[in-house]
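**Student:** These are the residues of each chain, in order.
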Amino acid sequence: MSDFDLTTIYFILSESMGGWLWGFVVLAVLLLAAIVAGIMTLQKNGTPARRSLVAALGAGLVTTIIFTFLVPIWTLAGAGALAAPIDVLFAALFALVPDGVVGSAVFIIMAFASNRRVAAIA
Amino acid sequence: MERRQFLVGAAALASVGLGVEAAQAQTSDSRARVVIAGAGAAGLALASRLRRAMPNATITVIDAKKEHHFQPGFTLVGAGVWSPAQVTERNVDYMPRGVEWIEAAVAEFDPDANSVVTATGQRFEYDFLMVATGLKLNYEAIEGMDVSLIGRDGIASIYAGPEQANASAAAIDRFIETGGVGLLGRPAGEMKCAGAPLKITFITDDKARRRGRRGAVELVYNAHNPAVFSVTPVNDKVTEMFADRDIAVNYSHILKAIEPGAKQATYATDIGDVTLDYDFIHVVPPMRAPDAVLASPLPWQDGALAADGWIEADKATLRHPRYPNVFAVGDIAGVPRGKTAASVKWQVPVVVDNIVAETAGRTPQAVYNGYTSCPMVTGIGKAMLIEFDYDGNLIPSFPFIDPLKELWVSWLIEEKGLLGAYRAMLRGRA
Chain A
1 MSDFDLTTIY FILSESMGGW LWGFVVLAVL LLAAIVAGIM TLQKNGTPAR RSLVAALGAG
61 LVTTIIFTFL VPIWTLAGAG ALAAPIDVLF AALFALVPDG VVGSAVFIIM AFASNRRVAA
121 IA
Chain B
1 MERRQFLVGA AALASVGLGV EAAQAQTSDS RARVVIAGAG AAGLALASRL RRAMPNATIT
61 VIDAKKEHHF QPGFTLVGAG VWSPAQVTER NVDYMPRGVE WIEAAVAEFD PDANSVVTAT
121 GQRFEYDFLM VATGLKLNYE AIEGMDVSLI GRDGIASIYA GPEQANASAA AIDRFIETGG
181 VGLLGRPAGE MKCAGAPLKI TFITDDKARR RGRRGAVELV YNAHNPAVFS VTPVNDKVTE
241 MFADRDIAVN YSHILKAIEP GAKQATYATD IGDVTLDYDF IHVVPPMRAP DAVLASPLPW
301 QDGALAADGW IEADKATLRH PRYPNVFAVG DIAGVPRGKT AASVKWQVPV VVDNIVAETA
361 GRTPQAVYNG YTSCPMVTGI GKAMLIEFDY DGNLIPSFPF IDPLKELWVS WLIEEKGLLG
421 AYRAMLRGRA
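Protein chains in written order, with my numbering: chain A, 1 to 122; chain B, 1 to 430.
Bear in mind the hints are in silico, worked out from the structure with no lab data behind them.
On a predicted model such as this, the values are computed, not experimentally measured, just so you know.
It cannot be assumed that every hint is accurate.
[To be verified] In silico SDA-like links for lysine to any residue, alpha-carbon gap of 25 Å or less:
(1) K65(B) / A84(A)
(2) K416(B) / E15(A)
(3) K416(B) / T8(A)
(4) K66(B) / A84(A)
(5) K416(B) / A28(A)
(6) K256(B) / Y139(B)
(7) K416(B) / A120(A)
(8) K405(B) / A28(A)
(9) K405(B) / E15(A)
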């Protein structure tokens, strides 16, 4: 495993995913920027981030659970292909990708909705 | 999974993320002329690495072949889960810049004169020769067999190419539908991807079970010697799995002839020739060196690897003992085991490091331990990630994956991971 350094992993991912790799990177950066903007908005309005965070984590968790059992289908295997705990662990790791997208989206929506409410009250 | 195993796995994963190459790759300013015979997995990977490590060298790749096949994927095409297009690429897309590609076959090796001659009559002189021609599938050695028969009359063979692997998938499906006796097996002698005959056996069994037709098909695996696999723990595991899945095994059965019309196969055995009826047969051809290698002084002159023309090579360095400026890499190398893309991945850096060291005036020290890998697909969605060395020791790359356990994560590596790793290898980046 010592052979798998960061450079090697980058090239393997790049050769596996092609242009999709950069699509994911751009999506991740956009989501990150939106999350930061959401946090800053919440802080500006003095609104606690707890509600948005809990909703995001909840949505992310549900997404992870659902996608953990969908990941094997993506590999052309059946939904019941997860035969051992290590299989479930890796499927869950892959499911963290949609988890991240859904969780981030929920957080952003909640944060900006909260901002709109504060603005409406003011 | 035990807690300890989980922790080891987590630590290993962390090390992947944190591991950064400690040293820059060594380079050489040598202006050596390097000729690479063959543009397959080994040839392209060599060209890519040498181009970066020896920027002033003249590197010439000689191969007439324009298509490049991801051969580890042939099993998945044969299983009917991949299309031929998924394993077919173009050599030109992987040929590194600054390397001259001569689109002709090598017709003659003349190591005494340090030169090779192409089929078009061009002679190329070299300071170093990398022989990476691959091997020849010798279907003609089986009486009555011809590549054109694949996909017809119950005959399958995933080795011949993507289209033949696809035709084999259809043949397997028809066999499962109609039922009967299916014969599988492997040839005597060295062969590429020795796990593939077992994989296609498991896949046929699995597909029949999924369709509720297992009771209608009888599967018989004809092993060429008293074992189904050369690595003892793997042999024991596969033998046990075959027994559990009602797959019969005939030992010391070597396919020598088929009669497609009569659907009969004749095997050489310890007690003489034995003829078996079949409704389906998966033919794995004997394999040997290409004609140009066979006709040259490069092959072993005696011993077990001489008859099929495998190139004489030191198993630790892949250097030719009689022609020290000649190296054999990939399928053509006359070393134990090692005819897989995974072997190439580990052989190429050793050869390149040693040439770079030698031309830079340092002592070559890189050593190849015989690493090879066989992601043993045991059904659609499960596999065993088997890796071993020259001595038959299991040497798993991932401590959290049990090599003798059927796992989805091993299938994940086969189905989603290997192609990207293979392409990165062709570019000299993995």
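**Student:** Are the hints correct? Go through all of them and say.
**Tutor:** Checked hints:
1. The suggested pairing of K65(B) with A84(A) is violated, with an alpha-carbon distance near 43 Å, which exceeds 25 Å.
2. For the hint linking K416(B) to E15(A), the alpha-carbon distance of about 11 Å falls within 25 Å, and the restraint holds.
3. Straight-line distance between C-alpha atoms of K416(B) and T8(A) comes to about 16 Å, which keeps the hinted pair within the 25 Å bound.
4. At roughly 43 Å between alpha-carbon atoms, K66(B) and A84(A) are farther apart than 25 Å, so this suggested pair is violated.
5. Annotation: proposed proximity of K416(B) to A28(A) holds, straight-line Cα distance about 22 Å (limit 25 Å).
6. This hinted pair checks out: K256(B) and Y139(B) have alpha carbons roughly 10 Å apart, not beyond 25 Å.
7. Annotation: proposed proximity of K416(B) to A120(A) is violated, straight-line Cα distance about 50 Å (limit 25 Å).
8. For the hint pairing K405(B) with A28(A), the CA-to-CA distance comes to about 35 Å; that exceeds 25 Å, so the pair is violated.
9. For the proposed pair K405(B) and E15(A), the alpha carbon gap of about 28 Å is over 25 Å, so the pair is violated.
Violation of the numbered hints given earlier is confined to hints 1, 4, 7, 8, 9; the remaining hints are satisfied by the structure.
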